[in-house]
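> Going line by line, the protein sequences match chains A and B.
Take the numbering used here: the last position of the first sequence gets the number 373, and nothing is skipped along the way.
Take the numbering used here: the last position of the second sequence gets the number 373, and nothing is skipped along the way.
Treat the hints with care, as some may be off.
Which copy is meant is left open, because identical chains are indistinguishable; a pair holds if it fits in one copy or across any two.
Cross-link-like lysine to aspartate or glutamate pairs, in silico, DMTMM-like; alpha carbons within 25 Å at most [said to hold, decoys possible]: (1) 229 x 198; (2) 126 x 281; (3) 356 x 245; (4) 74 x 11; (5) 203 x 79; (6) 229 x 350; (7) 203 x 159; (8) 203 x 193; (9) 229 x 318; (10) 229 x 23; (11) 229 x 285; (12) 229 x 11; (13) 229 x 281; (14) 62 x 16; (15) 356 x 329; (16) 126 x 198; (17) 356 x 11; (18) 203 x 365; (19) 203 x 4; (20) 74 x 193; (21) 126 x 334; (22) 74 x 224; (23) 356 x 238.
Simulated from the structure, these hints should not be mistaken for laboratory data.
Protein chains: 2
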Amino acid sequence: MTTETQFARFDSLPLDSGETLRDLQVAYETYGRLNESRTNAILVLHAFTGDAHAAGIDHDGKPGWWDNMIGPGKAFDTERHFIICTNVLGGCRGTTGPSSDEPGAGRPYGLRFPGITISDMVRLQKLLVDHLGIPRLLAVSGGSMGGMQALEWAVAYPESVEACIPIASTARHSAQQIAFNETGRQAIMMDPDFAGGDYYGGKLPARGLSVARMVGHITYMSDESMREKFGRRLRNREEFSYAFEVDFEVESYLRYRGSQFVGRFDANSYLYITKAMDYFDLSADAPSLAASLERATSRFLVISFTSDWLYPSYQSQEIVNALRSRNHDVTYCELSSNYGHDAFLVDVGEQTEIVKGFLGRCQREFRGGVACK
Amino acid sequence: MTTETQFARFDSLPLDSGETLRDLQVAYETYGRLNESRTNAILVLHAFTGDAHAAGIDHDGKPGWWDNMIGPGKAFDTERHFIICTNVLGGCRGTTGPSSDEPGAGRPYGLRFPGITISDMVRLQKLLVDHLGIPRLLAVSGGSMGGMQALEWAVAYPESVEACIPIASTARHSAQQIAFNETGRQAIMMDPDFAGGDYYGGKLPARGLSVARMVGHITYMSDESMREKFGRRLRNREEFSYAFEVDFEVESYLRYRGSQFVGRFDANSYLYITKAMDYFDLSADAPSLAASLERATSRFLVISFTSDWLYPSYQSQEIVNALRSRNHDVTYCELSSNYGHDAFLVDVGEQTEIVKGFLGRCQREFRGGVACK
């Protein structure tokens with residue numbers, strides 16, 4: 001199926017920072033059909049650098065980032081469900097972000113864009129879901145930062161979420177996760193072409209953004225998957241260069257992925273979205289994570305992967321334990337995979353069966369607009 | 001004790017690349033006294049950014065990098081042993097490296113310095129050990145890159161090594177280890193102030209070097225130790241900045257360590273030494289790691305740490321298994337620590353006892369110049 005990105009506009013969005021954004025646009029795609037009772041809608045939430053194009057093939061022939069999970073007969077079955085995916089607030093793929101024109105200013109926001117949070121992203125998604133006339137989502141689901149948004153949905157809008165499926169995610173960013181993000185931000189901001197964020201129309205901070213992406217890629221893979229994919233294989237050579245050319249396959253791969261990223265992602269969006277992740281702590285305003293999840297009335301399916309060292313299983317288990325301590329309906333699966341954090345995107349065999357089974361139950365037992373636990 | 005760095009000069013050093021370096025200098029320090037039979041010498045080998053100042057206090061009041069391991073009554077006991085530590089080839093702390101003046105050229109080598117390997121570093125150390133009149137070292141020991149050098153010593157000069165103690169190290173760099181190093185190199189080389197390596201006397205590539213060091217620091221700590229040290233604590237503030245100021249303690253720490261590093265380390269040395277590590281593969285010229293270790297006649301003590309994810313225990317176990325398969329004398333200890341890769345530098349309680357016991361046996365059973373297994 002060829003997919004079409006659609007756009008919705010909203011007048012204003014109050015932010016956690018106290019500021020208000022005016023005149024916003026949200027990019028979204030939908031797959032499948034909304035049923036008459038409006039009880040089959042699933043909101044799929046993308047990870048850090050994803051976008052609204054989650055499934056199908058776009059006009060450039062590019063498949064969606066979760067095309068292996070969304071479609072006829074897949075985990076999110078377009079024969080049965082109506083799937084929505086939006087680009088996040090602060091992004092650079094159609095939804096308002098730092099590269100958007102600031103209303104009335106005649107130039108992009110740049111660093112004048114206000115700081116944002118995961119909860120701000122979700123607040124904007126709620127406007128869209130209301131706009132689409134959906135009183136209660138069958139499910140919210142995403143991996144990594146998508147999982148954070150799913151958790152935030154369950155807590156912020158319990159009456160609107162039947163089921164919550166956070167995958168390879170966390171209830172709060174750890175010091176190590178903040179540290180990796182901060183390294184990427186520093187790489188970008190130290191690039192002289194960054195120009196205080198006002199690089200639009202000029203030279204992009206390509207070097208800094210590329211280095212940031214290289215660090216990211218290492219954290220998305222596992223030691224094992226890098227060994228399997230690259231090992232110590234040399235790249236187009238028999239002997240070491242004894243210089244700083246590309247010697248190893250893995251060097252070539254990282255350089256390529258870094259430079260390729262520059263063409264599709266905005267450096268300011270990198271800064272804003274990583275900060276939103278770092279700020280994320282579901283338990284910040286409550287005595288405990290369990291207390292903060294008290295409001296949630298969804299059923300939960302929590303998934304993690306054995307070789308994911310960026311969002312390790314213990315972070316998912318914290319969520320599960322907190323939910324169980326308050327008698328929430330929660331299923332937890334730690335799946336075996338060598339693919340590291342990328343597993344939720346690429347190693348979806350078991351994940352598909354588990355999500356399917358869980359969604360089947362949630363659909364059978366859908367509780368309408370009633371908030372009950 | 002106040003220590004003094006000494007220097008030795010050598011005419012030439014043939015390198016693995018086929019090139020020859022002329023007119024070299026080696027910086028070294030010694031602690032304790034060489035006994036009359038010359039059987040109590042231990043060569044201590046530093047990690048990536050270390051130097052010859054391993055113990056005691058230098059003229060600036062700075063303690064050596066392994067001062068908790070070297071001294072009277074410590075693991076490397078200066079009452080009993082004669083300890084030598086040299087700055088590595090390619091370094092920037094007194095031994096010839098890319099920041100040294102190229103003979104006859106009237107300017108530093110920069111990127112005209114030839115590519116080097118761990119084995120080149122060890123070859124230069126052997127010149128110094130010969131120069132000091134020591135036929136056989138009681139032990140060679142170091143952590144991380146120091147462990148690689150120790151292993152190389154045991155294989156290249158079996159007749160000169162009674163005991164080999166590689167700690168938190170590996171017999172070959174993995175794809176993930178290469179990937180982290182390559183990210184640091186790219187950060188440096190992309191800094192416009194890098195100027196093709198000819199930045200001496202001008203503006204240093206401080207931004208790139210600082211980002212490289214930030215990545216390094218994350219890999220030296222563990223998820224646990226970062227949580228214990230920083231958690232999600234804010235730095236001198238009660239609320240989020242909603243901007244790109246320092247919000248979290250961990251951000252402040254990384255920025256500080258990055259900028260501090262620029263003052264003490266040369267960017268070109270960063271490039272050359274990381275490449276030497278990436279090239280390191282003890283098994284490269286043999287059918288197996290066991291076969292490549294065949295030549296070694298030392299006793300081995302191999303140590304790794306549970307939370308070290310940069311040089312994980314399985315890499316030490318590969319060495320141990322290879323040695324055991326050929327009936328070498330090998331002791332292996334995996335020590336419990338939360339400190340990650342840094343453990344060999346900072347969490348030395350158990351390490352001290354184990355090294356002490358092992359060295360006692362090696363000293364009692366010292367086999368003179370005889371190479372036997």
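> Sort out which numbered hints this structure fails and list those numbers smallest first.
Numbers 1, 3, 4, 5, 7, 10, 12, 14, 16, 17, 18, 19, 20, 21, 22 and 23 - these are the hints that the structure violates, sorted from lowest upward.
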